[in-house]
Amino acid sequence: MATRITQTDELLGLDRDALIEMLRWMVLGRRYEQKAAEAYQMGEIGGFCHLYIGQEAVAVGAITPLRDEDYVITAYRDHVHGLVRGMDPGAIMAELYGRIDGCSKGKGGSMHLFDTEVNFMGGHAIVGGHLPIAVGIGYAIRYRDSDAVCICFLGDSVANIGAFNESLNMAALLQLPIVFVIENNQYGMGTAVHRAAAIENLADRACAYEGMQGWTIDGMDVLEVRRTIEASIERARNHKLPTLVEAKTYRFVGHSMSDPNYGHYRTKEEVHSFKSNDDPIKRYIEQLKNHSMISDADLEEIEKEVKVIVDQSIEFASQSPAPPPSELYTDIYANEYPDMKRRDPWR
Amino acid sequence: MAVITYREALNQALREEMKRDPDIFLMGEEVGAYQGAYKVSRGLLEEFGEWRVRDMPIAELGFTGLGVGAAMVGLRPIIEYMTWSFALLAIDGIVNAAAKMRYMSGGQFKMPITFRGPSGAANQVAATHSQALDSWYAHVPGLKVVAPATARDAKGLLKSAIRDDDAVVFLEGELLYGTKDDVPEDEDFLIPLGVSEVKRPGTDITMVVHSRPLHSALQAAKIVEEEDGISVEVIDPRTLRPMDIDTILDSVRKTNRCVVVEEGWPVAGIGAQVVDDIQREAFDYLDAPIARVTGADAPDPYAQNLEQIAFPQAEYIVNAIRHTCYRE
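Going down the list, the protein sequences come from chains A and B. Per the numbering used here, the first sequence starts with residue 19, numbered consecutively. Per the numbering used here, the second sequence starts with residue 2, numbered consecutively.
Excised from the complex, chain B in its bound form:
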């Protein structure tokens, strides 16, 4: 184990996988000579050469489809977006091509492609560069969607995503790249897709949260434990599709209460799906309505004070926990 950043963990995952399998290549804007817009691909061009670490023109639709075509003939592309906001220009390639190729061909094609890059809130880059579109991709059958919150999860999940034979949308937290964690150096360290992790055990209320808000959620859990004596069980699904609902349901059956937190907008969000899964399969166990804490239902504002209140803060999560536990 070594304490490294989320950025370094991703870099390790890329390097280890590319060493292991010559069919893997990385492609995107600034991934090579510039060493990655967020330095995730540092050193890879020098190590693997330009056919395997390929700088692309600013043409998201073009290089997304390029990846799909290469995957159709058996290569394992990793397509990097400078941010997932720019991938909006490529969504036809992700939704209409990558997600459906296996189905439309009656199973003739595998789609071993990973689409990755920074997602979610960022610092004062405003509405076009700062948003969490997790639920858009999780909506689409044929895609898998992964959103790690820690360096350890980032490494283990990216390696699994690259080895997966389905198209994976891999959402890295733009504000998480500098965060640190204990990360195994073992090259066989993998975290399977579709497995939730209990990030903090508890008994009184379940909290479901993924990506960056996990850190606010853990803060909130600490606050309510100290101030209200409430024991919060924090679960990070890590994979949004397919989501490991059973770990969440087991917890809710034990705590009888639940708060769901996400950075994205509230309408048709990831949390809406989690709430549906819980009410469908654990309705009788609930002692209170499930609360959701989400990003504000507004484009991300530039002004620092507004931006601060636009995304889930520990304070809002504390409020939701107290409300759900009838402690107001």
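Chain A extracted, bound-state conformation:
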């Protein structure tokens, strides 16, 4: 059965630089997305744009302990995961803008970020669709006798789809080095978790798979996330055992840019209560201050640094040209495929 790891007051033995680095990532994630929201409102970004504001502790706590050879894969709320994994902030923003210098040349958009340079494997927009892909990455790791691990983020609603069982079963059966991290932000779009899942703690489902550990944790505590993921990575890397972590968190903004922050499915009071009492960045700053690890001047410095990165990424995206029309028919096959143009003479 899943166990709940209790909140830690320790700093996991991390040095000050490492601790500050995590805060910097969280603040960058927050400011970057606030800026993306502005750009969306101004019509620079289109389509679906799912923001991560409120959930930063999960991606930061889970990705910062990884090695270069490890893999990260997630769903469509993917900007911050890409950033923390080391993707170029300008290339992500240019992708949101639909420009040629975007990480996918503007062909993937917000929900489909990829970067093979940093083993960021997407960016997948069909709920549940990327879990089997994560299992394939885990299979390839073992096929090659590598020590790498794959960390797979998923939303709470994925726990109810068939691919969840198929994937976790295969991962346990084949003993694959995968850490599944459910980001339980309380709602699958507008449906509360308790209205969709016949179980309270989603990580309890790990008990259905031999060798899989399930942990439900406070996903608003970045150090608790990091500690749990480090333990999960150890299981994966050294024992080839998968783990299911459920990080309970909350999204402060709507499901996508077209969904208001509160309304039919959750109240203004609920959202405000999380924002004032459970903001992962505020909580982390408080922890760091309690240990005298950070001053207000340090915070100002971080905000300044982050602002430069965010402004530069917006500048980079705005300057980048739209993909030329010839890009419509590239990257479909390894080689050019003339029939597409032949059957489409009027475009």
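Source of the hints: derived by calculation from the structure; they are not laboratory data. Computed from a prediction, not measured in an experiment: that's the story for all the values here. Just so it is clear, CB atoms sit at the ideal spot from N, CA and C, and this is done for glycine as well. Mixed in with the good hints, there may be bad ones.
With the Cβ distance kept under 8 Å, some of the chain B side facing chain A (calculated, not the full set) [said to hold, decoys possible]:
| no. | residue |
| --- | --- |
| 1 | Gly-63 |
| 2 | Gly-68 |
| 3 | Ala-98 |
| 4 | Arg-103 |
| 5 | Val-126 |
Chain A is nowhere near these chain B residues, computed Cβ spacing over 10 Å in every case [claimed, not checked]:
| no. | residue |
| --- | --- |
| 6 | Ala-38 |
| 7 | Leu-191 |
| 8 | Ile-192 |
| 9 | Gln-220 |
| 10 | Gly-230 |
| 11 | Met-244 |
| 12 | Asp-251 |
| 13 | Tyr-303 |
| 14 | His-324 |
Take the given structure of chain A and dock chain B to it, following the hints.
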């Protein structure tokens, strides 16, 4: 050359390719210990071990995505479906993941994966197990679709599919596994994807046909030659996407008439696309409307007599040829 079955030809292709490249693995239901539901993978588990020949639980969506993930990090998976009817449970992995990963990533990923298994008509297994969904996959940019009708083509095309850096849907004729043909034993024998073959030269009418109906088509060609003196040129595109249209067009420009045959349903079928290609590029050469012979526009019935008339028979093809040549 040796006369072997379609099943053995596929087995040879798998074995030769797996020997050549250690990144290739085969995965699916019953591919290992059971030796393959249709015995295509006979002996491979013993030869290559369980990491390369992997039995999977009945979880088509799961192991399809597994293959896609492994391909994204450079392996070359071969995913076997017990039948393509079961792959309906995996279509998200094929259409949304395998077909689009290269495009959505701006070309960052190759997709060297082969999805294969039996397809089309089978004997009295009824509507959920017997159908030809060729045109569904051929509809999707990013996929290549191959449907060999002979043992020789099966071997040469499967080897090319496995070596290809794009996702290939490889449709084996469920009723073709026992059919025999001369097949080269040469390990470098390859048939390139996207090349049609003239299976029978002729002068009066062109017939375009792929997979199992090729055999009915060849029978029909013989009948009309003997009974009506009509010379039929039979062309098998073999690859449905990308299709080698030029070989078909050259033939139609010579014969001025055409019949298109397929096992699948008529609406939005492969033949509909072939007809469009011909009317667009060879309209002025046509002396008669193009006829299509397809599977009946009905789910496959169980009853033997009904099933027999549900799929293209030589008799229907003969009727279509005579009609198109104004010989009725």
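Now the hints, each set against the structure:
Checking Gly-63 (chain B) against chain A: minimum C-beta separation of about 3 Å stays under 8 Å; hint holds. Annotation: Gly-68 (chain B) was flagged as interfacial toward chain A, and the flag holds, the nearest CB pair being 6 Å apart, inside 8 Å. The closest approach between the C-beta of Ala-98 (chain B) and any C-beta of chain A is roughly 6 Å, which is under the 8 Å cut-off, so the hint is satisfied. At about 5 Å, the closest approach between the beta carbon of Arg-103 (chain B) and any beta carbon in chain A falls short of 8 Å, and the interface hint on this residue holds.
The interface hint given for Val-126 (chain B) is broken, as the beta carbon of that residue sits about 24 Å from the closest beta carbon of chain A, more than 8 Å. Non-interface call for Ala-38 (chain B) relative to chain A: holds, since the shortest CB-CB distance, roughly 19 Å, exceeds 10 Å. At roughly 16 Å from the closest C-beta of chain A, the C-beta of Leu-191 (chain B) stays outside 10 Å, upholding its exclusion from the interface. The non-interface label for Ile-192 (chain B) is consistent with chain A: the shortest C-beta to C-beta separation is roughly 17 Å, beyond 10 Å.
Chain A leaves Gln-220 (chain B) outside its interface by the beta-carbon criterion, the shortest separation being 31 Å against a cut-off of 10 Å. With a minimum CB-CB distance of about 36 Å to chain A, Gly-230 (chain B) clears the 10 Å threshold, and the non-interface call stands. With a least CB separation of 7 Å from chain A, Met-244 (chain B) falls inside the 10 Å interface cut-off, contrary to its annotation. Every CB of chain A is more than 10 Å from the CB of Asp-251 (chain B) (nearest about 15 Å), matching its label as outside the interface.
Once the 10 Å rule is applied to beta carbons, Tyr-303 (chain B) is consistent with being away from chain A; the minimum gap is 28 Å. The Cβ of His-324 (chain B) sits about 28 Å from the closest Cβ of chain A, beyond the 10 Å cut-off, so the non-interface label holds.
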